[in-house]
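S.K.: The primary structure of each chain is shown beneath.
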Amino acid sequence: MLWINFFISVLYALELAMKSYAYGIRRAYSQANWVLKVEFYYQPIIWTMFFIFLTNYSGDHGLEVNIFSLGILIRSLRMTSVLNEVTLWRNFMRTMRALVKPAFSFAITLYSLYLIYASIGLEFFGGRINSQEIARLMLEYP
Amino acid sequence: MKQDWIYLNFNDFVMSLNTLFAIMWQNDWEQLVNMYELLFNGNKDSVVIIYFVSFIELANLIFINIIIAFIIDTYQSIDLTLKAESEAKDQK
Numbered sequence: 001m002l003w004i005n006f007f008i009s010v011l012y013a014l015e016l017a018m019k020s021y022a023y024g025i026r027r028a029y030s031q032a033n034w035v036l037k038v039e040f041y042y043q044p045i046i047w048t049m050f051f052i053f054l055t056n057y058s059g060d061h062g063l064e065v066n067i068f069s070l071g072i073l074i075r076s077l078r079m080t081s082v083l084n085e086v087t088l089w090r091n092f093m094r095t096m097r098a099l100v101k102p103a104f105s106f107a108i109t110l111y112s113l114y115l116i117y118a119s120i121g122l123e124f125f126g127g128r129i130n131s132q133e134i135a136r137l138m139l140e141y142p
Numbered sequence: 143m144k145q146d147w148i149y150l151n152f153n154d155f156v157m158s159l160n161t162l163f164a165i166m167w168q169n170d171w172e173q174l175v176n177m178y179e180l181l182f183n184g185n186k187d188s189v190v191i192i193y194f195v196s197f198i199e200l201a202n203l204i205f206i207n208i209i210i211a212f213i214i215d216t217y218q219s220i221d222l223t224l225k226a227e228s229e230a231k232d233q234k
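Chains as they are written, first to last, in this note's numbering: chain L, 1 to 142; chain U, 143 to 234.
In isolation and in its complexed conformation, chain U is listed as follows (with noise of 0.2 Å):
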């Protein structure tokens, strides 16, 4: 377990906005997950896993993916009408 890791924790509520922005990016989550399943002692591995997975699974694989997709839609959109708007303007 690195030291760094300490810094991602949830003492109060800045920190643990921050602490779910790092996981939501999926940068090494299994080391954060288990450092909380250390502090439990391994009683509450099942509650440490629903909660960090379900968090990944609604944060990053749902909305951001959601984003990303429409921001390349929107673009093609773009793309297409001023391509169509400049072949308009060559046929004149």
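Same shape as in the complex, but just chain L (with noise of 0.2 Å):
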């Protein structure tokens, strides 16, 4: 697998390595959607070549690969702010916004509910499931 992981990392980094040279990096990097292609495609690319690098010629420093692996994770969370870009997620995001002050108060009442329930189950239910009781209902009712 990991041989197949290089094989696919060589031709994807071929690839971006002749279109930065037809088009120039900073140019490709300023159009949008060369952004999002940049960003979720090219990029974990010459992140695992790194990390593969790192694990054939580091030896047994374990600690090390974990850091990098970590940067790793640190760098693929980053990305979560180019969903910005989508519009349905800034809406939604926008609505979970205004929802925050409205939800808390239902919350509230959702909570003031269960309590009362479950003060009810408590007397009225409570201590009734145990071991021996168990036993029973599964041999009177399996």
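Treat the hints as calculated values from the structure; they're not laboratory data.
A portion of the hints provided could be inaccurate.
Pairwise CB distance ranges, derived in the manner of DEER restraints [said to hold, decoys possible]: (1) U/A226 with L/W89: 31 to 39 Å; (2) L/P102 with U/V189: 50 to 58 Å; (3) U/N169 with L/V86: 31 to 39 Å; (4) U/L224 with L/A17: 39 to 47 Å; (5) U/A226 with L/T109: 27 to 35 Å; (6) L/W3 with U/A211: 50 to 58 Å; (7) U/Y149 with L/I46: 44 to 52 Å.
Computed from a predicted structure; not experimentally measured.
Think of the CB as a built atom: it goes at the ideal place given N, C-alpha and C, for glycine as much as any other residue.
Each chain sits in its own coordinate frame; assemble them with the hints.
M.R.: Okay, here's the thing in structure tokens:
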């Protein structure tokens, strides 16, 4: 699996090199479509190749690899900022921000209902389920 | 009766809150009601049924639907205002 990954990574790196040679890195990156492509498409490849290189030549230093894989994780989490480009996601987040106050009052009302029913249930069913009762139920109603 | 249902019990307060939360989503709640009916040997069926069904009526059918309707309503209003803004920008 590592070699398949390596082979495909080499192919994509070649494509990246050719495209950046043809269009120019700065001009390619300035276009919105290209920003998405570079963020989602090429950066993982570069980091994967770096990771493979590291695992092959770093020897027994396991800690180094862990730190770098953490770095890759943080780097990929940073890409969620690209979601702000999507209108649907922006509207959704705005809705959630607007809903904080009314949802809080709803949650308080629901929690009071929960408290009432939990106390009634505690009085009525509390302690009824124990090991003896379970054994009896399993025997009588399998 | 599945043995796993015993984890949804009312033995302490936190577990009863957990049980109510599980019932709220109506995931096989008939099984749980059946178990509690069996615990009383079928003597208090009506009380058990009234307890669980009234909780489901209140928590699921009313509260969850109010919250969902509220979210959809807010989303639609925000969507409409944003669309109006973008149209106004286009006209300029």
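S.K.: All hints, please: hold or fail.
M.R.: For each hint, the structure was consulted:
| no. | hint | result |
| --- | --- | --- |
| 1 | U/A226 with L/W89: 31 to 39 Å | 20 Å, violated |
| 2 | L/P102 with U/V189: 50 to 58 Å | 35 Å, violated |
| 3 | U/N169 with L/V86: 31 to 39 Å | 32 Å, holds |
| 4 | U/L224 with L/A17: 39 to 47 Å | 41 Å, holds |
| 5 | U/A226 with L/T109: 27 to 35 Å | 33 Å, holds |
| 6 | L/W3 with U/A211: 50 to 58 Å | 54 Å, holds |
| 7 | U/Y149 with L/I46: 44 to 52 Å | 48 Å, holds |
Checked against the numbered hints given earlier, this structure breaks hints 1, 2; the rest are met.
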